Amino acid sequence: MPDSQITKRALSAAMKELMAERPMEKIKIADIAQRCNMNRQSFYYHFKDKYDLVNWIFYTEFFADIQKSLNRPGWELIAKMCQFFYENRSFYSNALKVRGQNSFSEYFNEVMHPLILAHFSDIFANDEDQDFYATFYADSIRITITRWLLEGAKIPPDKFVRLVRTAVTGVAYKIVIDDFVQQT
Amino acid sequence: MDKSAKMTYAMIEVAIDKGIRDIQDNTHRGIRNLIDLGSHLSQGRFHQDFFRITQQMLANENSPLYELTRKIVSHVDHQLLKNTAAKLGYTCLTYGAQQIRDHERRNGYNVPWTIVFDFRRVCDNRLSQAEVSEVLKQGEAIGIYCGMFFINNNQQNLADLLEGLAVHKEGTYFIFAEPEAINPDIAKKIVENQNVVLILHLATPGKQSYSKAAAVLFDNKCLFGTYSEYDDDNLAYLTSDSCLTSIKEANSVCFFMVRKNLQKPENHKLMSKFIKTAKTAARYPLIIFDFYTELAHVDRTISVEECFIAILGDGRLAVKNMDSVQPHINIRTQSFQSILERTMPRISY
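Chains Z and W are the protein sequences, given in the same order.
Residue 1 is where the first sequence starts when you use my numbering, and the numbers rise one by one after that.
Residue 1 is where the second sequence starts when you use my numbering, and the numbers rise one by one after that.
In case anyone wonders, no lab produced these hints; they're calculated from the structure.
Since this is a predicted model, take the numbers as computed values, not measurements.
Check each hint, because a few of them may be wrong.
Mimicking DSS-like on lysine-lysine, the simulated pairs with C-alpha atoms at most 27 Å apart in a straight line are [stated by the list, open to error]:
| id | chain 1 | residue 1 | chain 2 | residue 2 |
| --- | --- | --- | --- | --- |
| 1 | W | Lys221 | W | Lys71 |
| 2 | Z | Lys68 | W | Lys3 |
| 3 | W | Lys71 | Z | Lys80 |
| 4 | W | Lys320 | Z | Lys68 |
This is chain Z alone, in the form it adopts within the complex:
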């Protein structure tokens, strides 16, 4: 493994330990560097700031985790994503609490939106307004996951996904039934 990967792993492990101990805004670069016996300069060789490091952890771990599940049908993939966040809930709820420019919540949106969009785009593949519909679902699911994590992910992931699914399909079912009743 190249040196840069080894260093990144060490910094990631240190950051995860620190995130389990205190709020993200209380973590300084010196704390992260010190925890893996490096100097601050070594940190900045690899990352711009602590948000950059958290983004790295998120992208590499999340992508590695869901990569093999990307062909799962329907809601199974959403369930797999939620399972990942649930298992790492203290890290992600801590990271999402910090808002603003360059924060993790911005990057979280940046990653999750196109991913959920691609997931839903097939359902509306033959519709000229597919982007609108897929964006609608991508936005709502992403925001719901964010809220769930910010509230400490108290609902287990299988129940959480079941609720989201019912919210989506239940409304659709009700609309179809109402339309049918009106027409007949």
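Dock chain W against the given chain Z, drawing on the hints supplied.
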């Protein structure tokens, strides 16, 4: 593309977007992180080798790769850059490569990773754009998402080709053209297409038309490179500081060297050493390729065996290189797959 591939592609786009922003902020750290990320997540041997070699080069803080990266990110249209990187790296060399392997396993013949079209010679019965498009479609069906077009100096032919390629949104196309074929409208169309890398012919050393065409492509934020045929007579010049400096000064990002007629053993050695040095200890902010060797390397990584195929302007086929024409095989009379079946039997299993 299936859903799983679409989602992987979306994740790669996110990584490239962030990579471009990070490189703008700090070129050295940004490109190192993008390559580290690729290395961390790549699974195939081809990608792992690529990322490992690049990591080694970037370990040298003075590597010209940093200058090349800064130049590309500052001057190339970002959407075009992202599309080219994601389509070449994923659609073509990962998703397409898997389809190629599956097809080869099922059918017992080799499939090239790219189709070369040599349209440089003027001919009366030139393949129409619809015929070219049909070949590309047949190629996509079995996993070929890359095309390389060698064309002459005809501006209308290039404009028609760009028009035709615009519908092949999942592919990446390299167009090797004479500088005279380039004008500002063509350059704008290249950026609009979002799937073309233009490779300018370095016909005569110091020729004005080359630098003028390069300036037009540069001003319009195109991603472009340079190519030249090499033989015993011009190899020393093409590998000289003076030639490489002029290519660098034209803001070209890569240099394809296409073997034409190399007989002298000392020139084979010179070329081999030159390419090795260019990959491991580059001195110029340019990616240098020995065209046939590089194509064969990718073929061997995907298919185990080399399987070069070129289609000439009149539809005839060439295998091994663009000069080995097969007079009795023509894309107009046979499907692309039946031609592969006939010309690319699989030897090793």
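Restraint status (C-alpha distance of Lys221(W) to Lys71(W) at most 27 Å): Cα-Cα ~11 Å, so holds.
query: Does Lys68(Z) lie within 27 Å of Lys320(W) when you go C-alpha to C-alpha?
result: With Cα atoms ~37 Å apart, Lys320(W) and Lys68(Z) exceed 27 Å; violated.
- request: Please work out if Lys68(Z) and Lys3(W) have their alpha carbons no farther apart than 27 Å.
  value: Measuring from Cα to Cα gives roughly 13 Å; hence the hint holds.
- prompt: Is it true that the CA of Lys71(W) sits at most 27 Å from the CA of Lys80(Z)?
  reply: 40 Å, violated
When held up to the earlier numbered hints, the structure conflicts with 3, 4 and fits the remainder.
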